[in-house]
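Work the whole structure out from these sequences, hints included.
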Amino acid sequence: MKLLVVGAGAVGGYFGGRLAEKGENVTFLVRENRKKQLEQNGLLIQSIHGNIHIKPQLLLSGEPAEAFDVILISTKAYHLDSAIEDVRPYIGKDTMILPLLNGMSHIDKLVESFDEKNVLGGLCFVESTLDQHGTIIQTSPIHDLVYGERNGEKSERITRLENVLTGTKANFLLSDKINQEMWVKYLFISTLSGITSLFRSPIGPILENKEGVKTIEKVLHEAATIMRSIHAPLPEGIEVLQKDKLIAMNYEMKSSLQRDMEKSLPIEADHLYGYLLNLANINDIDAPTLKIINLNLKIYETMNL
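Residues 13 to 317 (the numbering used here) are what the sequence shown spells out, left to right.
No lab work stands behind these hints, which were simulated from the structure alone. Errors might be hidden in some of the hints.
[What the hints assert, rightly or not] BS3-like mimics (lysine-lysine), calculated; alpha carbons at most 30 Å apart, straight line:
| # | residue 1 | residue 2 |
| --- | --- | --- |
| 1 | K181 | K226 |
| 2 | K121 | K197 |
| 3 | K129 | K105 |
| 4 | K34 | K129 |
| 5 | K14 | K275 |
[Unchecked claim] Per label pair, the in silico range of CB-to-CB distance:
| # | residue 1 | residue 2 | range |
| --- | --- | --- | --- |
| 6 | Q52 | E75 | 31 to 39 Å |
| 7 | P217 | S152 | 16 to 24 Å |
| 8 | D106 | K181 | 23 to 31 Å |
For every residue, glycine included, the Cβ atom is placed at its ideal position computed from N, Cα and C.
Rendered as structure tokens:
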């Protein structure tokens with residue numbers, strides 16, 4: 013299979029690099045500056061699971077190429093529109109699009125831009141970052157990419173894709189409940205990102221305060237209520253499980269959204285919270301804590317972007 017990875021950053025570069033390390037036919041769709049950097053230095057990954065230094069196949073947006081079998085999209089939500097236009101020339105009728113964005117609204121946008129059958133479900137769990145030299149630094153034991161048909165079928169094409177993704181030094185996990193897993197992660201991310209960005213704090217100090225724990229419970233309840241109003245497949249008791257997961261996190265854990273705010277970078281406010289609040293409005297659900305979180309993020313955008 014021919015695989016196209018959009019970008020060669022902390023997420024796409026890591027998982028694409030693991031596939032290229034295995035020997036799969038991987039091309040990275042990159043911008044001019046990143047292309048020069050990769051041509052000069054190669055794709056460098058420093059990881060507790062093993063370092064990588066390879067010469068990657070590169071493609072600039074607009075350069076001619078045949079359609080790819082799989083396109084992996086791991087951009088931030090605010091770059092999705094440009095990513096869609098960048099990959100459009102490389103998508104054929106049988107191309108599988110594997111998005112790794114947080115949230116859910118990107119699925120609708122991809123389906124509208126291409127076709128229902130082109131879009132798989134996907135998510136990832138990985139702590140990785142780019143250093144100033146463009147090296148991907150990955151330090152956590154967790155480096156999982158979960159994917160599957162959104163209808164849960166074990167299709168012929170997903171079986172072929174499984175064969176391609178199996179056998180790397182990262183965990184590529186096929187799921188027959190990917191839609192549920194995406195909603196579960198959305199609930200978790202919207203809670204962790206909302207709480208840590210609201211209080212400008214790692215999770216530890218928030219959990220030490222009784223009102224902090226109550227606020228976490230409110231976010232979980234409000235977000236889960238909104239999701240269930242549109243029949244999102246959340247498991248029973250997921251709020252308790254996710255609260256326990258937050259309590260078990262490292263004291264200094266921060267969300268990536270909070271870290272982006274600390275660097276005065278763009279954030280995914282509309283993608284994560286605007287989407288939920290729009291659903292709440294449509295279904296006449298009160299979500300006061302999520303409104304405060306969203307207001308905090310919108311004020312940040314006004315003041316910093």
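Right, here's what the structure says about each hint:
At most 30 Å may separate the alpha-carbon atoms for a hinted pair to count; K181 and K226 exceed this at roughly 40 Å. Among the hinted pairs, K121 with K197 is consistent with the structure: their alpha-carbon atoms are about 19 Å apart, no more than 30 Å. For the given pair, K129 sits about 9 Å from K105 by alpha-carbon distance, which is consistent with the 30 Å threshold. Restraint check for K34 and K129: the C-alpha separation of about 28 Å stays at or below 30 Å, so the hint holds.
Simply put, K14 and K275 have alpha-carbon atoms about 36 Å apart, too far for the 30 Å limit, and the pair is violated. Judged by the Cβ atoms, the range 31 to 39 Å given for Q52 and E75 is violated: they are separated by roughly 19 Å. Checked against the hint of 16 to 24 Å, the pair P217 and S152 passes, with Cβ atoms roughly 22 Å apart. The hint said 23 to 31 Å for the Cβ distance between D106 and K181, and at roughly 28 Å that hint holds.
The structure shown violates the earlier hints numbered 1, 5 and 6.
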